[in-house]
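Residue numbers (my numbering), protein chains in the order written: chain A, 1 to 278; chain B, 1 to 246; chain C, 1 to 342.
Be aware that a few hints might be false.
[Claimed, not checked] Each computed BS3-like pair below joins lysine-lysine, with the alpha-carbon atoms no more than 25 Å apart: (1) B/Lys178 <-> C/Lys30; (2) B/Lys30 <-> C/Lys64; (3) B/Lys154 <-> C/Lys64; (4) A/Lys79 <-> B/Lys178; (5) C/Lys234 <-> B/Lys178.
Hints were generated in silico from the structure; no laboratory data involved.
Computed from a prediction, not measured in an experiment: that's the story for all the values here.
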Amino acid sequence: MNQPMLEDSPYLPKWAEITRIEQLTESEKLFELRLVSGEPLGHTPGQFVELSVMGIGEAPISVSSAPAENGVFELAIRKIGNLTTAIHGSVTGDRVGIRGPFGTHFPVEEAKGKDLLFVAGGIGLIPLRSFIRFVLDHRDDYGEVIVLFGAKNPSERIFLYELEQWGNREDIVYLDSVDKSGPGWQGNVGVITTLFSKIHVDPSRTFCIVVGPPVMYRFVILEAKAKGIPDRQIFLSLERKMKCGIGKCGHCQINHLYVCQDGPVFRYTDIFDLEEAL
Amino acid sequence: MEKPRVAFFDFASCEGCQLQVINLEEDLLKVLEAVDVVTFREAMKEHSDNYDIAFVEGAITRKSDEERLKGIRANAGVLVALGSCATLGGITCLKNFHDQEYVRKLVYGDKASHYETYPSRPLNAVVPVDFKIHGCPINRDEFAMVVKALLLGKNPEINNFPVCVECKMAENICVFEKGMTCMGPVTRAGCGACCVTEGSFCWGCRGLVDDPNADSQREVLATHGLSVQDILGSFRLYTGFSEVAK
Amino acid sequence: MELQLIEKSDHDLFVQNLINNYQVEGVKPKDGSFIYGSIKAPEELCLDFDCTLISPKKYFLPPKEALLQFALTPDSEITPLIENDPFILFGVHPYDIKAINQMDRIFARGVPDPHYLQRREAALVIGVDPTAVAPRSFWADMGASTVSEGFDLMFTDMGEHFIVEIGTNRGRNLLEEHAKLKPATTDDARERVRIRSRISHICKKRGFAFPKRDIPKLLEHSWNNFLWEEQASKCLSCGTCNIVCPTCYCFDVEDHVDLDLAHGERIRRWDGCLLQDFAAVATGENFRETRASRYRHRFFRKGHYLFEILDDLACVGCGRCASGCLPDIADPVNLFNKLKEG
């Protein structure tokens, strides 16, 4: 048997340095990181990393930035458990562990020359932003672009500055909504599916990319299908418990698929009939 | 960084859980390097009301205890319940199934009128409790784990799976196969199944897991010969304060 | 196939030689059952057992295992850990070898896991044919009466002597160096076949009322069967079926820090898909919240999901889950037969 060396342990993180921290909302921060080795992370939009604070633990986090030439990458993190609380307490210059990138990615190549309909619910915008920014960085490679974003309430909207920018751009359509209005909110109120009546797509050339809380998928997929978008052009990203990132620990299993390896990004046709997937 | 100030308190209990802390021995010395213990009646004379973390042993069995506990809660940034009397009410709640006047006379005899009493309850029936270290007595390793977690600024991760997991890992023969009965299938792990490993059975001292299948456990106990009264007793021994035992 | 013969009277010498040169782990009696443990003297080693409490997977995937060692100071080195000293695992039944073979494939496929694989490589596995069948075993029906690989040596108790099949060169070297051997004749080989089929026949009393290759298909049509709910209503979510199972390998990963708060280890420990929080994430979502969904998952994993990966059922018929389950709902034979009935 050809033995893999222990130095190649898939559980061994690489050090990354926090180069910038931005408070996004009360409970979310954006961390810009750079691998200490100087190498780029090498991710494609839609992939995730396992983030470590040694002594606290490890958790899967989606990469929120498009691949960048200067080697930095961004993780937007909600403070919710021990690991995320620990990272929220860190400052610029601190070091964290990174494993990955892991998993499948959005159809960045396949969708070239085609139209894109992005549908993000809540912090589903975090992984989706990676692809949106990639598309905006390579705007000429893609056709029409529509971004729909829904949040529970105005205070849970993240990346506000960028949302405003997207709203002002002539070359994309950006629409958003909140389930429940709040102080100062003058935009749409209603669940994200209510935005579908406001858009027009050319279904045969549209790729619909959906990321949001589990409960959202069924309803958004119905809307996408109602627009005539073919099933195989619908992509979604699934959340599951993931400990190893390499298809071993068993937590993320859906049927014979491991979300950490076979996902998190799935083509709808590959999972629509899988029990427990949606 | 300034060391966190730690205080120990007790209410109705045998003080065995604090003894477990003292029994950490070498490890205790390491813990002491990381914290300042300002109050620990069982181990030292000094006392202070200025503390960050309070470990509180014992159940609340009389009205006048409530004020003292509320005072501790007000002083402490973090309040940790220590042992099953504090976390569950534990065996002190056995008295709740009797007439309180009867219990008072049974314990204090002709001096009963000098002592107040009321149905026993865990700390969180009186004040908010941040973390619970279960057990009768507590498990020293788990205590150390909680202290370390608090010092690292993280929430201690208390197990939510039954003792069976640790018991199987310890490669014990199932208690039921030995002709005894056991509360392990519904009891929160963290003890390493120490009682079964030592030849006894699980008494349920760490309380029930978050979602115990009490009906199935009752059926298993009945199948293994326990009467309805015995089954109730098994649940009441440590978790008499919970709904399951009523 | 190469067979050798060791007289019973020479067997203790062989074991003693192994003990003198290696760490030897083997089967020992415990409270009327059997466990794997360290063997310090030949008479401690038991080769006539029906089934052990937990499977020998604990040697390759320990219940708790440090993966990494680290210091909490920034920039410090993170060191992968492993104990891969050579050892001999003496007395593994074919069904457990079959399970180990499956685990080998799981931990080698895709991104290989050196922590598992190096432990596995460090072990010399000496198999032994069962001389007794545990009451709930059904390994014969699972095609696990014999295995053709996964062992360095395979012992069969022939009464006066053992027949030893050589599985690998490592096994041959071990045998030639430490045992007093006699050549086995074709008669011995025939006798071994007879003995094996006799014990297999006893085991066959338990099994499926239909061909086991139909199990994946059966499951495909059983997702909404009432049995999941009905059986799982008795499930204690105690994880016993997971812990004792030789083909369960799910694990959790967590950090443990020393009391000096300066050093720590990242450890993995066995997890179980029957446990309440198995599929729960930090946001509070639990992707398998009900007992029934967890109970069903286990059978689908053994009989369907892993089948698609291994092209084999991930159950070897040891029956440990069945004998360990207090409400007696974990037995694959009972469950699959009931499902088949409809």
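Against the structure, the hints:
{"no.": "1", "hint": "B/Lys178 <-> C/Lys30", "result": "12 Å, holds"}
{"no.": "2", "hint": "B/Lys30 <-> C/Lys64", "result": "24 Å, holds"}
{"no.": "3", "hint": "B/Lys154 <-> C/Lys64", "result": "22 Å, holds"}
{"no.": "4", "hint": "A/Lys79 <-> B/Lys178", "result": "48 Å, violated"}
{"no.": "5", "hint": "C/Lys234 <-> B/Lys178", "result": "22 Å, holds"}
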